[in-house]
Amino acid sequence: MSTSLGPDRRGLLKAGGALIVGFSLGGAAPAPMRRGEIAGPPDAKQVDTWLAIGADNIATLYIGFVELGQGTTTALPQVAAEELDLDLDQVRTVQADTNVTPNQGGTYSSASIARGSPQVRAAAAEARRALLQMASQHLGAPVEQLQVSRGNVLVKGDRHKRVTYGQLVGGKLFNLQVSGKAPVKPPSSYRTVGLPLPRKDVPAKVKGEYGYIQHQRLEGMLHARVVRPRGQRAYGAGAKVLSVDESSISAIPGARVLQRGDFIAVAAPLEWDAIRAARQLKVVWDSAPTLPGAQRLYEQMRADKTTDTVVTNRGDVAQAFAGAAQTVAFSARCPYQAHAPFAPNCALADVRPDGALVICTSQDIYNLRHELSPILGLPDAKIRVQFVDASGTYGHSCYDDVGQAAAIASQLAGRPVRLQFMRWDEHGWDTYGPAHVGDVKVAASADGKIIGYQYDGWQHNWSQVEVAQQLAMGTAATEWPTFPSQQVATGTCGGQYAIANLKLVNHHVPGQGYLRGAWLRSPLDLSFAFTSEQAVDQLAYQLGLDPYEFRRRNIADERWLGVLDGAAKAAGWTPRRAFQGQGGDVVSGRGIGLGTHLQSWGGAVAEIEVTKSTGKVRVKHLYGAIDAGLVVNPGNVEAQITGQLVQTTSRMLLEEVKFDEHGVTSLDWNGYPILRFEDCPDVTPVIVQRVNEPSQGAGEEVMAAAAAAIANAFFDATGVRMSEFPLTPERVRAALKTA
Amino acid sequence: MAKIKVDGRVRETSAAPDTPLLYVLAGELGLKGPRFGCGLAQCGSCSVLVDGVETRSCVTPVSAVAGKAITTLEGLPAWHGTPGKLHPVQQAMIVEQAPQCGYCYNGMVIKAAELLAKTPHPTEAEIRTHMNGHLCRCGTYPRIVKAIQRAAKAMSEKAA
Chain A
1 MSTSLGPDRR
11 GLLKAGGALI
21 VGFSLGGAAP
31 APMRRGEIAG
41 PPDAKQVDTW
51 LAIGADNIAT
61 LYIGFVELGQ
71 GTTTALPQVA
81 AEELDLDLDQ
91 VRTVQADTNV
101 TPNQGGTYSS
111 ASIARGSPQV
121 RAAAAEARRA
131 LLQMASQHLG
141 APVEQLQVSR
151 GNVLVKGDRH
161 KRVTYGQLVG
171 GKLFNLQVSG
181 KAPVKPPSSY
191 RTVGLPLPRK
201 DVPAKVKGEY
211 GYIQHQRLEG
221 MLHARVVRPR
231 GQRAYGAGAK
241 VLSVDESSIS
251 AIPGARVLQR
261 GDFIAVAAPL
271 EWDAIRAARQ
281 LKVVWDSAPT
291 LPGAQRLYEQ
301 MRADKTTDTV
311 VTNRGDVAQA
321 FAGAAQTVAF
331 SARCPYQAHA
341 PFAPNCALAD
351 VRPDGALVIC
361 TSQDIYNLRH
371 ELSPILGLPD
381 AKIRVQFVDA
391 SGTYGHSCYD
401 DVGQAAAIAS
411 QLAGRPVRLQ
421 FMRWDEHGWD
431 TYGPAHVGDV
441 KVAASADGKI
451 IGYQYDGWQH
461 NWSQVEVAQQ
471 LAMGTAATEW
481 PTFPSQQVAT
491 GTCGGQYAIA
501 NLKLVNHHVP
511 GQGYLRGAWL
521 RSPLDLSFAF
531 TSEQAVDQLA
541 YQLGLDPYEF
551 RRRNIADERW
561 LGVLDGAAKA
571 AGWTPRRAFQ
581 GQGGDVVSGR
591 GIGLGTHLQS
601 WGGAVAEIEV
611 TKSTGKVRVK
621 HLYGAIDAGL
631 VVNPGNVEAQ
641 ITGQLVQTTS
651 RMLLEEVKFD
661 EHGVTSLDWN
671 GYPILRFEDC
681 PDVTPVIVQR
691 VNEPSQGAGE
701 EVMAAAAAAI
711 ANAFFDATGV
721 RMSEFPLTPE
731 RVRAALKTA
Chain B
1001 MAKIKVDGRV
1011 RETSAAPDTP
1021 LLYVLAGELG
1031 LKGPRFGCGL
1041 AQCGSCSVLV
1051 DGVETRSCVT
1061 PVSAVAGKAI
1071 TTLEGLPAWH
1081 GTPGKLHPVQ
1091 QAMIVEQAPQ
1101 CGYCYNGMVI
1111 KAAELLAKTP
1121 HPTEAEIRTH
1131 MNGHLCRCGT
1141 YPRIVKAIQR
1151 AAKAMSEKAA
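Top line first, the protein sequences correspond to chains A and B.
Residue numbering for the first sequence follows my numbering, beginning at 1 and increasing consecutively.
Residue numbering for the second sequence follows my numbering, beginning at 1001 and increasing consecutively.
The hints are simulated quantities; they were obtained by calculation from the structure and are not laboratory data.
Just so you know, these numbers come straight off a predicted model, no measurement behind them.
Even glycine gets a Cβ: it sits at the ideal position worked out from N, Cα and C.
Do not rely on the hints blindly, as some may be mistaken.
Partner residues aside, some chain B positions facing chain A, computed with beta carbon under 10 angstroms [to be verified]: (1) M1001; (2) V1053; (3) P1077; (4) H1080; (5) V1095; (6) H1121; (7) T1123; (8) A1125.
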């Protein structure tokens, strides 16, 4: 089916004043693919969907995954370059566009390499096999005698016979299925994969040449801002407009109100005028209280009508506890935390009666297209969604409130619109990393073996209906689909250890009546680890054992052992029991922890300092080890570990969403402080490289371990177990006082 | 039409005098360096140098910079006396592979350049203190510190 978004519309996209073609293909697109002109997704079984090779010997790789600063646009081309015997500078990427790129699912759960690299590898291997067959015919030499370097195919022993990929196939289609049977290279022969090659996107980013979504422009567009109460109310309660006074912005040139139900935006030709209009527009909102408030949050979650599921139940936990030499029972409370993307989300939309173009930062473009369909009253195939990078969003853009808001605003305005959130929209209407309450108990035998473990976790449903959609559509909350949150899982709750008797119980709290919640980088895992790994650590303490040695004694899986040893070795860990009791106001401590997200293995050691009188915790050094199977680009993964360790420090020491009965009150960087230079720890990333194991995620899997290590270091320093984070000075002083 | 001097060139703007400088630079002039992050002078995304002093363009009215020399990320190499090349801080950020999403790097590079112009041999503590008002959500601070140290070394070697 053809959409209305033909070449005439593509030419309208502008970046920083300069005209760009929607996806930098120009005339290079093979005509029969009609890239950009037909609603996708293109057939993932076709090599042409993934790769095009130009006459200039440059390959274009089409990926459904997006660059979020994690290096996807370097590492995936690296995989293609490896199989094709090209150098990295000969492979460029085209990122997510529903009319152009394959549907690889959303860019979440650190899946770009884990899910994406096998697909890219298979397509590139298929292409290479076909290219060598063509070259064999062209050169009159058997395939076995050919060798390839930088896309030049040579005949061994005859330097006069050569042909380039570009000469063989440049600008033409492969017309070939990905059979999955083309031979891939053995890891032992890798020349490109496994090298820490510099990121392709970095030079433009430091020069100020990188075109972020915030730099994109559409011809004839208006600037728009949403108008919402400052700080969200309960999920399900939305925001109710009582009255709007349009005359309150009549003095601002060209400013107009765009309203659909409770969705309100303002638009103006000049950006500053749109901002002023959003600030000045007089709207009376229903302000009835809808939230439990931070004080009552955790008790309300425990008291709510939960759906309880036994996730895992092996052995006999009760019997194990009856015969235990030492037991620990521990409970913890873990806050909502914000994604707080550094660049407030932004999107551009041009919605017309016969089709829509939405340019945004969605991590899941095909899903967004589907969500937009009922909102705009257009079929999926008439909507084109293009991704352009913004700042890192750490899971936020799995949802795309701003993409929806821009589309609704454009439809109302009858014009192209660029809509950007203000800081308070971003902080106040986030889908926060969810709050959690955990109860854990652990039992050990006298010889230091964990024999029993039970974890009970409470967290509420995640939000499924995006803010713009709920305000504009006005569908009753009772009719909204429910969306289960991540559950208590073995990954971080006890699964690190060989425990014969283990029970995990998930207490599912309904989502409405709480804040909007969803994926925040390593969702819930920091909370699980903070709770579970402190209990394990406490058991070691009660047994009089070194916490590292205790963990080693209880691990059966070499992958867990590898990251535990990796972090401990990097930190120069020497055995001793935790908390030996230090005098003085400033005390130091070290801690160790294990955890992960859905896959991979993470281990960490923290060295911290606590000033008892002020309650200030300073993380001095974090060591983080990851085993993510085959690491395609160790430079990227070291950067990811660095970011994870610093962000975990921020989340454990500072970050919590503040709210009262009326709404969220932490609306900017003062209300929601994050870690700064002066408090940033030194970091040591460690990669356990396993070239023969499948690649797994590496963007969030060491955070749980680091969170646990910081909490355990606090105990080592003070002899006190913190039962709530972040470890703010106030909370620490209170804990030390009651201890 | 008011006139402002940006990266050595006199530019005309039709913006109202109370318009923050950022919207003139990023909007009217189409520069990609200074960018919106908070609009509250809290994060540093929008930083420029005004007569060599790091300034938050998101809260600085365009009328307040009349007659002053504004330097953006784009103009930083020329301001450093090496037009057409990279400022040593930019070069060092690439060598250290410091950025992740890179959105805060406009401010990071501007602020670090300001530091090294005044303090050629900063200690690590001085770097951290000077940079403390600039936030990075990806957590790239450790590599930024290394990059600034690398840039300081490169600049002093060149001067020697």
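Hints and how they fare:
1. M1001: violated (15 angstroms)
2. V1053: violated (19 angstroms)
3. P1077: holds (9 angstroms)
4. H1080: At about 13 angstroms, which exceeds the 10 angstroms cut-off, the nearest Cβ of chain A leaves the hint on H1080/B violated.
5. V1095: Holds. Min distance 9 angstroms.
6. H1121: At 18 angstroms from the nearest chain A Cβ, H1121/B fails the 10 angstroms test, so the hint is violated.
7. T1123: Hint on T1123/B: violated, closest Cβ of chain A at ~13 angstroms, above 10 angstroms.
8. A1125: Holds. Min distance 8 angstroms.
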